[in-house]
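Participant: Put chains B and C on the given structure of chain A with help from the hints.
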Amino acid sequence: MQSKIRFSSVRLMIVLFISACTVLMLYNVQNIENSTFANDIAGVIIGLLICLLYAVPSIIIKLRTKKDFISFAKTSTPSAVIFVSSYYAMYFAYLATGFLIRYCDLFSKSLNPDANKYVIAALLLAVCTYAAHKGICALSRVALFIFVFSIIAFLIIFGGNISNFDFSSQNFDIQIDYNAAFKAVSFFSSISFITVIFAFNSQNTNKFKKRHIILAIAAIFVLAALSLVFIYFVLSGYGRQQAYQMFILSKTSHFSFASGMDSFFLAAVTSFIFILISAVFTSVKNSAYSKGSKLVLNVFAVIVFILFVCAQRFNVIEDILTDYNILNVLNFVSAVLIPTCYMIIFRRRLSD
Amino acid sequence: MNNSNMIKINALKKMFANSADFTVRNIELCDKANTSAAILTIEGMCSKDVVALSVINPLLLYNYKSKTPDALIDEIRLSVLSSSEIVEFNTLQEAITFSTSGFVVLMIDGAKKMLAIGAQGFSFRSVSEPESEVIQRGSREGFTEPLRINMTLIRRRIKSPDLVFETATVGYGSNTQLMLCYLQNCISKQILDEVRKRLQKCNLKMLLASGYLTEYLEDADNHSLFSGVGISERPDTVCGKLSEGRIAVLIDGTPAVILIPHLFVEEFQSIDDYSNRPFYATFIRVLKYISFLIAVFLPGLYTAFSQFHPEYFPTGLLVKTAESLAQTPLAVTLEVILITFIYEVMREAGLRIPKPLGHAVSIVGALVIGESAVSAGIISSSTLMVVATAAICSYVTSALYPQIMIMRFVFVISGGIFGLWGIVLTTCIFLINMCSKTSLGVPYMSSLAPFSFRRMRDVIFRADWKSLSKHTIKVQKFPETEEK
Amino acid sequence: MIKKFLIGLICLLMIFLQGCKSSKQIDVASLAETVTINQTSDGLSYTFYIIDSGNAKNPVSIKANSLSDAVQKAKKSYIPNLSMSKLELLLINENAYLQVMRSDIAFVSSRYDISPLLYVSLCDDGTMKFFSKNKEGLKTIEDHIMLLKNKNDKVKTNSLSIYNSFAGDNKREFYVSYINSKNELKAEPYSIS
Numbered sequence: 001m002q003s004k005i006r007f008s009s010v011r012l013m014i015v016l017f018i019s020a021c022t023v024l025m026l027y028n029v030q031n032i033e034n035s036t037f038a039n040d041i042a043g044v045i046i047g048l049l050i051c052l053l054y055a056v057p058s059i060i061i062k063l064r065t066k067k068d069f070i071s072f073a074k075t076s077t078p079s080a081v082i083f084v085s086s087y088y089a090m091y092f093a094y095l096a097t098g099f100l101i102r103y104c105d106l107f108s109k110s111l112n113p114d115a116n117k118y119v120i121a122a123l124l125l126a127v128c129t130y131a132a133h134k135g136i137c138a139l140s141r142v143a144l145f146i147f148v149f150s151i152i153a154f155l156i157i158f159g160g161n162i163s164n165f166d167f168s169s170q171n172f173d174i175q176i177d178y179n180a181a182f183k184a185v186s187f188f189s190s191i192s193f194i195t196v197i198f199a200f201n202s203q204n205t206n207k208f209k210k211r212h213i214i215l216a217i218a219a220i221f222v223l224a225a226l227s228l229v230f231i232y233f234v235l236s237g238y239g240r241q242q243a244y245q246m247f248i249l250s251k252t253s254h255f256s257f258a259s260g261m262d263s264f265f266l267a268a269v270t271s272f273i274f275i276l277i278s279a280v281f282t283s284v285k286n287s288a289y290s291k292g293s294k295l296v297l298n299v300f301a302v303i304v305f306i307l308f309v310c311a312q313r314f315n316v317i318e319d320i321l322t323d324y325n326i327l328n329v330l331n332f333v334s335a336v337l338i339p340t341c342y343m344i345i346f347r348r349r350l351s352d
Numbered sequence: 001m002n003n004s005n006m007i008k009i010n011a012l013k014k015m016f017a018n019s020a021d022f023t024v025r026n027i028e029l030c031d032k033a034n035t036s037a038a039i040l041t042i043e044g045m046c047s048k049d050v051v052a053l054s055v056i057n058p059l060l061l062y063n064y065k066s067k068t069p070d071a072l073i074d075e076i077r078l079s080v081l082s083s084s085e086i087v088e089f090n091t092l093q094e095a096i097t098f099s100t101s102g103f104v105v106l107m108i109d110g111a112k113k114m115l116a117i118g119a120q121g122f123s124f125r126s127v128s129e130p131e132s133e134v135i136q137r138g139s140r141e142g143f144t145e146p147l148r149i150n151m152t153l154i155r156r157r158i159k160s161p162d163l164v165f166e167t168a169t170v171g172y173g174s175n176t177q178l179m180l181c182y183l184q185n186c187i188s189k190q191i192l193d194e195v196r197k198r199l200q201k202c203n204l205k206m207l208l209a210s211g212y213l214t215e216y217l218e219d220a221d222n223h224s225l226f227s228g229v230g231i232s233e234r235p236d237t238v239c240g241k242l243s244e245g246r247i248a249v250l251i252d253g254t255p256a257v258i259l260i261p262h263l264f265v266e267e268f269q270s271i272d273d274y275s276n277r278p279f280y281a282t283f284i285r286v287l288k289y290i291s292f293l294i295a296v297f298l299p300g301l302y303t304a305f306s307q308f309h310p311e312y313f314p315t316g317l318l319v320k321t322a323e324s325l326a327q328t329p330l331a332v333t334l335e336v337i338l339i340t341f342i343y344e345v346m347r348e349a350g351l352r353i354p355k356p357l358g359h360a361v362s363i364v365g366a367l368v369i370g371e372s373a374v375s376a377g378i379i380s381s382s383t384l385m386v387v388a389t390a391a392i393c394s395y396v397t398s399a400l401y402p403q404i405m406i407m408r409f410v411f412v413i414s415g416g417i418f419g420l421w422g423i424v425l426t427t428c429i430f431l432i433n434m435c436s437k438t439s440l441g442v443p444y445m446s447s448l449a450p451f452s453f454r455r456m457r458d459v460i461f462r463a464d465w466k467s468l469s470k471h472t473i474k475v476q477k478f479p480e481t482e483e484k
Numbered sequence: 001m002i003k004k005f006l007i008g009l010i011c012l013l014m015i016f017l018q019g020c021k022s023s024k025q026i027d028v029a030s031l032a033e034t035v036t037i038n039q040t041s042d043g044l045s046y047t048f049y050i051i052d053s054g055n056a057k058n059p060v061s062i063k064a065n066s067l068s069d070a071v072q073k074a075k076k077s078y079i080p081n082l083s084m085s086k087l088e089l090l091l092i093n094e095n096a097y098l099q100v101m102r103s104d105i106a107f108v109s110s111r112y113d114i115s116p117l118l119y120v121s122l123c124d125d126g127t128m129k130f131f132s133k134n135k136e137g138l139k140t141i142e143d144h145i146m147l148l149k150n151k152n153d154k155v156k157t158n159s160l161s162i163y164n165s166f167a168g169d170n171k172r173e174f175y176v177s178y179i180n181s182k183n184e185l186k187a188e189p190y191s192i193s
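Residue numbers (our numbering), protein chains in the order written: chain A, 1 to 352; chain B, 1 to 484; chain C, 1 to 193.
Rather than coming from a laboratory, the hints here were simulated on the basis of the structure. Backbone N, C-alpha and C define an ideal beta-carbon position, used for all residues, glycine too. Any given hint could turn out to be false.
Computed Cβ-Cβ distance ranges for the label pairs, DEER-style [to be verified]:
no., chain 1, residue 1, chain 2, residue 2, range
1, B, G350, A, A219, 48 to 54 Å
2, A, K291, B, F165, 28 to 34 Å
3, C, N95, A, F233, 46 to 52 Å
4, B, V368, C, P80, 33 to 39 Å
5, A, V222, C, N183, 50 to 56 Å
6, C, S132, A, S256, 25 to 31 Å
7, C, K3, A, K291, 14 to 20 Å
8, C, D52, B, L330, 18 to 24 Å
9, C, K154, A, I320, 45 to 51 Å
10, B, E215, A, K294, 20 to 26 Å
11, A, I326, C, K3, 32 to 38 Å
12, A, N325, C, K154, 42 to 48 Å
13, A, I326, C, S110, 57 to 63 Å
14, B, A463, A, K207, 22 to 28 Å
Rough simulated footprint, nothing fancy, chain A against chain C, three-plus residues with beta-carbon under 8 Å [what the hints assert, rightly or not]:
no., stretch
15, 104-110
16, 153-163
Excised from the complex, chain A in its bound form (with noise of 0.2 Å):
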């Protein structure tokens, strides 16, 4: 296990980007009243926006001192660090078991309806949390299988569906629904979670540069304008019938008489959860001191699943972990406000 290799910043970078991805996949209109392709592009650049400065307070940290934020906080708070912790783990229990549950929810609406949940949750929380015991270098090199993957799945789901556009049954108005666009930004900024995974892990990345994270933030919003296009030209009004609007671009997507693109889409959603949970488990690694990690971690995949189940049984502990504006705050407290009150009190510990 090579848990003190350094790697290098782009690989962690594709871990960001395959981590948004599964937001991407995840896009269901349905939760979007009167949504509309004006709406929610607007919510993409907003988005776009609000990620880029999330990840500010992390690249300063990370550029001036070379180390990410949470060694930056074990460092200039050794004994205090731990209500941080505290703080962020379970800000990451919030962020897993909230994917966790959409990605069980996607399962049963649209790939397997009489699919066990529970032995999916805890199947993938088992395999996330060996994963996590790796390390982030470890994961990143996966990522890299994944991301190629990624591509080919991606330019089958849009090639296929080049010859679908259709424009005739398009309403070209533009009318911004505030409401609507509101939700949208609210989805598209949830992104911005990445930014606290980088906080996490950027400590071993080595050759890291601004240009790195804003490409990928970047290329993560030029995907989801892509995917909105096909979304709302190919699909239009058929999208809204069912929850999951890629995977309907995935059955729609064909080459001649070649179909069955569907399962590119199972394919890349596991692996793209997989990577996302990972990545969230290993930054509670990382929070953690390195003596009882395992155990830390171990621990957290526990209170994971049993969150699951909670969320399960009852309607509104789902309600609150799947809620995209809880979300938003909290990503804005940990991205932003905790390593700005670091940066702000310890900011010679930033210029030494």
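Facilitator: Relative to chain A, chains B and C alone:
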């Protein structure tokens, strides 16, 4: 220690428990020496002609000038014996080591020192082409069991003083001799020291094959299907690896040479690739990668699609597959596992069976499985086709056969229980396992992950030699190599 | 050792919990390839053509008011392992389309397992008879539909485009394919308003 021959010989006889092959020949050295000597051999290890003509005869005919036993030893070593290899030693333990290695041990009564005279004459297999690594072009020589011959095979190909052979002994029961072989201008000192340390920690009683040692040479925190230690029986392959900064471990008594560090991409490279034209070598490499993927994934995917996603089959294939599966009593998963198991039994039987009976096995196998089982409706023809295709593909990279077999089983079970989702998750598990593995600190998946665009010239593609020879590869320089 | 034992136990538990109940095995699944909708004297008749090995078609006809109703009845009484994931063609008789086309297309669009590229076509009685007797009927009709689509881009041939045309705000008329069997089998555009 008392330097009397009688005492030493009795001690040795006791150590050898009066073994029947431990022979002692007493002779008298005349003239000024006027003392007795003893020649100790292990029967069958030494050439009797060499012993008689090159050792005993000169000893008996020489006119000695020295008077003391120790001076006599020096005189014999320098002036009497014509053997090219003579070693002086003092202890009985060394006497045992030399005699069991085919040396003649000479003791002079009263002398502290003893002599070991090279006169090996045991029978061994001649140099021939290794059956496990067959190639189209290139050398037909392969390693054999004696260590010295293997050393010669390497030395003949690398005529450089940088080639170093370092002796080691492993196995407190067998005292098996090893040679660490490396190029001193290529090797990393850290890697070399680490290998020495691991060999010292080896607490084997008997070292009879190279496989015994591989687990000691692997990185301790790795539990993986794949091995970070490579094996080869070809001298040309070993020489190629040495030039990349690797260490070869030659073991006396086995033709399989250990190469460390060993990477995943090397399983898809062969010496043939460098003899063929680049475009053909590239094609063969790509074929190997595709065959590996087919061998591992095809039965699992077939099971998953048949059980959970029949809509992914094209309609024509769907009809045929459903028709053939409907006629059999077993579920698809069990059927695939059963056919794979029967195939493994036949493969193992074919490996162990005496050659005259080999034809019978192939006929029985073809008739029993290929014809009768399908006609009887026990197994379906489509499943048989899938398993057979995967089996053939697995022989393209035969070095990875054990891993392919295990992975295939795991994918069939996960696909049969959880469908495509299970296969994806299992792939993620294997990937994380492989990507976290190291071989002496070098990432096992080097060149693929961590990705190196430059090294793709010799991974998936095979660039021409003008391009390859511009940059020398040294395995210790691979990115993310851990300093041990 | 204990860790390996625990992992093994958890795996076994997963296997038992998950079971194979969510599987739809290829040899027992009844994959519907075509559904035809006909107006009879008793009402609407939905006929499911199940994929079978080559020779015989084995259609199952069910009286129902809508496709969703027909699927429910089929699963309950006639075809318990019915799967719509391989559905390729929805053939609607011209005397039935006014009643059911919109609602059935809406039903198809809400099903995750039915492909959005499902061919939807109207036809006359002669085509229905041809289809029921001819084992290559599906391929023939699909070829005609594709020919028509290549000739006339404005014709909507799949459930995705037809649903979007129904749901469009402009309420313009649009064209679907109509298989005419008067002289020989031929696909023509048919106006839907």
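Participant: Run every hint past the structure and note whether it holds.
Facilitator: Status of the hints after comparison with the structure:
1. G350/B / A219/A: 48 to 54 Å: 53 Å, holds
2. K291/A / F165/B: 28 to 34 Å: With a Cβ separation near 44 Å, K291/A and F165/B fall outside 28 to 34 Å, so the hint is violated.
3. N95/C / F233/A: 46 to 52 Å: Since N95/C and F233/A have Cβ atoms about 35 Å apart, the given range 46 to 52 Å is violated.
4. V368/B / P80/C: 33 to 39 Å: With Cβ atoms ~37 Å apart, the hint holds.
5. V222/A / N183/C: 50 to 56 Å: Since V222/A and N183/C have Cβ atoms about 54 Å apart, the given range 50 to 56 Å holds.
6. S132/C / S256/A: 25 to 31 Å: Since the Cβ atoms of S132/C and S256/A sit about 28 Å apart, the hinted range of 25 to 31 Å holds.
7. K3/C / K291/A: 14 to 20 Å: 19 Å, holds
8. D52/C / L330/B: 18 to 24 Å: Between D52/C and L330/B, where Cβ atoms are some 22 Å apart, the hint holds.
9. K154/C / I320/A: 45 to 51 Å: With Cβ atoms ~49 Å apart, the hint holds.
10. E215/B / K294/A: 20 to 26 Å: For E215/B and K294/A the Cβ distance comes to about 24 Å; the hint holds.
11. I326/A / K3/C: 32 to 38 Å: Taking Cβ atoms as reference, I326/A and K3/C lie about 36 Å apart, which means the hint holds.
12. N325/A / K154/C: 42 to 48 Å: Cβ of N325/A to Cβ of K154/C: about 44 Å, so the range 42 to 48 Å holds.
13. I326/A / S110/C: 57 to 63 Å: Violated, at about 30 Å.
14. A463/B / K207/A: 22 to 28 Å: 26 Å, holds
15. 104-110: holds (count 3)
16. 153-163: holds (count 5)
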